[in-house]
Amino acid sequence: MADEKEPRPVIPKGEPYIKTDVINPTFMMQYDACTRCGECDKWCPVLDAKDGDRKYSPMDKISRFRTFMGQSYGLKAKIFGPKRLDEDDIQDFADAFFHCSTCGVCASVCPAGINTVDMYEATRQQLVMRDNGPYGKTVMFPKLIGEYRNPYLKDQKQRLDWIPDDVEIAEEADVAYFAGCTAGFNQQVLGVCTARVLNHLNVPFIYLGEEETCCSSAIIRTGQPHKGDIPYINAKHNVEALEARGVKKVMFACAGCYRVATIDWPKQLGRKPNFEVVHVADLLADLIQQGKIEWKKSFDNKIITYHDPCHLGRHCGVYETPRIVLDNLPGLKFVEMDRIKELQRCCGAGGGVKAGISDLALDIASERIRDAQAINADILSSCCPFCRRNIGDGRDNVYDQQGSTNFDLRDNPENAMQVEDMIVLVAELMGLSTKIKSQEEEDKKAGVEAAAPKHLKDL
Amino acid sequence: MSDFSYYSGIPSFYMMIGIAMIAILIFLVGMYLNMQKWGGGSASHFLKIFLKSINHEKLGHHKRQSLVSTIILDILLQRRILRRSPFRWVMHMLIFVGWIGMFIFSMIFAVFEVLHEIGIGQINLVETRHSLDFGNEVLGYMLLIGLVIAIARRLAISDVVKRTQMFDWVLVLGTLIITITGFMAEGFRPDAIAGAWTFLGNDVEIAKFLALFHVAISLLFCIAYIPYSKYMHMLAAPMVILVNGGGE
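Chain order of the listed sequences is Y and G.
Heads up: the first sequence begins at 1 in the numbering used here, then just goes up one per residue.
Heads up: the second sequence begins at 1001 in the numbering used here, then just goes up one per residue.
You may find that some hints are simply not true.
[Unchecked claim] Each computed DSBU-like pair below joins lysine-lysine, with the alpha-carbon atoms no more than 30 angstroms apart:
#1 Y:Lys236 with G:Lys1048
#2 G:Lys1230 with G:Lys1048
#3 G:Lys1063 with G:Lys1048
#4 Y:Lys454 with Y:Lys437
#5 Y:Lys297 with Y:Lys454
#6 G:Lys1063 with Y:Lys248
#7 Y:Lys272 with G:Lys1048
#8 Y:Lys19 with G:Lys1208
#9 G:Lys1052 with Y:Lys19
#10 Y:Lys272 with Y:Lys157
#11 G:Lys1230 with Y:Lys42
#12 Y:Lys454 with Y:Lys444
#13 G:Lys1058 with Y:Lys272
#14 Y:Lys83 with Y:Lys296
#15 Y:Lys249 with G:Lys1048
#16 Y:Lys143 with Y:Lys157
Source of the hints: derived by calculation from the structure; they are not laboratory data.
All of these numbers come straight from a predicted model, not from anything done at the bench.
Bound conformation, chain G alone:
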């Protein structure tokens, strides 16, 4: 069980930190390049214009609503999608809440791991991890259901099939692989909670490998890859909504 003291299950804490650092670095380089591209060669010019635009008075039809309303109604609750298609809204919210929720949980646990590693506070990592199990399970299934709907749409609805490109497939299939490996890594663990994918069996070596694989591709695909892929919309779309003042 000692190998599973850590949430991630990776034998070496430093390996995880190393991969995370690389992922964050690749992400930051990508974001810098994107901002440089948007700013006509200058990332700082982009940031200046972006920040100015958030408070700029809108001309014409759409009046700028309050920042709080924009963040809650348009970015978090995504009412523009709801207005167009409740079905797509359900799908997107399942993916959005599942993804963001698991990201936040992972970050919280990573902080505990770091604190534990450097010896700050008396942290029982096993108990902490178990306290997050139920939430992770719910969020994981939300993400999985959302992705299954997204894939089914892209395979079954003729309009959607026609306009789907590899650019779109990479995102959903990549996220699906991460989600499934997460469930599998959890299922193989000796201390897996009931209801998780325990039917897979109990194999420490497979669990270790899958945990490492899951964390590595999560960091590389869900963080490092963001600025270079369709994932970019996760950051760009809220920024655009802020610039354009929100509203239905």
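Next comes chain Y alone, as it looks inside the complex:
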């Protein structure tokens, strides 16, 4: 990365090479709490994908930064002045530091209870501020989200384009659906299915539409919140717009947005919003337990497993409700994979890795697919558009690798493992259409009648 940039300004003698002004004092302390026990290394999906290359060890990243800090602010630095650090060494460290999906499994297993996710994000910001990051294309996030208010270069007016004619959106309701950019623009099936399921369950909801702006997760996770203060601006805008509509609950189907609303919005604004943040899995699990959901379709004795999205599970503690939903879907046997809940193996998409270091994301996702293959899963489900996309890519990658020997798959592609979001499966089994608006319009033009999915049977 360093060679692509302008030469850095010379740091005056006596000045520390790395400043710490955006790193919370308690995060700084956490660097000194590391006992180098190596527990984080055993679980880190990045280190695993990098075949144990110590450069990517979370423990060694902490040690390297601690060394930089000692050289800049330690006793020797106080007496003789901060050590002149090698810029290439700092850049090498920064590059390794951005090779992290901030999944937080290291925090789950750390005996010292180090909150690595927050600590890493703050350190990333400090590195970005001295031009050592972010990594790859993720540098574009603030510009894109700042200018377009979404990362997909879409006009705000197109925020409503995903809504099919059959979906009813209320003018006033206690519940709001926060679709997010990915469900609104890029994986519209998720938005469509969520809206149809809510309609089907008689849960009236409002939608901000053109007023909704990106949650800015991608900017925060990659250490760029200071660039234009976009996360704060967007948090303020979204929260105030939702509060102005008088909603009591805001429903999310995207784990990334849910994480931001639960943790980052209160941090950004210094207060909790005047509404409850709810994931659609919570609502569905509640209705299932009350016996209020009637299924119309069924799978034909398939095995389903669940991948906990980091942002929903480890970061926000939502582990059980998606399992309740999936365990109750007809015709499916729910089986757990290895490494679940707080010890879950990340899919590799988070922390800017999918956008910035796609080959790493693919390698990590491929491992997750192998976990699912080990239990013979027919369906790998999740509650996050980024997990859905990346694990889907991982599946294709694994099948490419196995293709020459896996004759069953080559001859029977319908036997391929299905990677699908929970809300899409729920919509299908409720007998609802999962077609997005543009598909329906094409079908209409072609005069094609909507047909029931072949892989499901009627109940």
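Given the coordinates of chain Y, work out where chain G should sit on it, guided by the hints.
Then chain G, alone, in the frame of chain Y:
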């Protein structure tokens, strides 16, 4: 025997006090520098944020548990280590309890020595020291066994060997030297208790030297060196657990 009136065995009480003062001063300077580093140049800013963070509401998954639960379950009983590896927990608890226990015993006796020296109360230092002998012996062996396990792990388990640095070795080897010199100083004493390292013989001069050496390196390595080494985790890790609200 008069030379061994004092627990430490050091001929000059003032020498021990002097070394202790230097060690504490170096420790305090180091802690101040650390807090200054953590606080972005201001130790008081760090302390302010730290104290505020202990009661701050947690967002997301981990809800803050009570302070008492955090101190007992997470800091003293170290359940996060137990959950990951019972073997490592046993090793760490042996070192932790042995180290902290002996530190507390040493502090208790140091107080008696000071009181005796300035003439407050009728204190029989020899009897007081003997009353602590058994406890010191048990704690010393706990520490020794824990350190032997730690060293064996770092030499025998390939994953651990791969990630071990000098930073890690300094801590275990330094503590091992202190532990062994403690046993040796005790063993050479004329009034050593049975079961201690009496097989070493009975030599007052060696005992004096070893006692001085043991106390000096204990104070310098186990107190003064804390803020400048991996020992720092002994203070920083509990502080981090307090800030992050504890829990498994």
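| What hint numbers does the structure not satisfy? | Hint check: 8, 14 and 15 fail, others pass.
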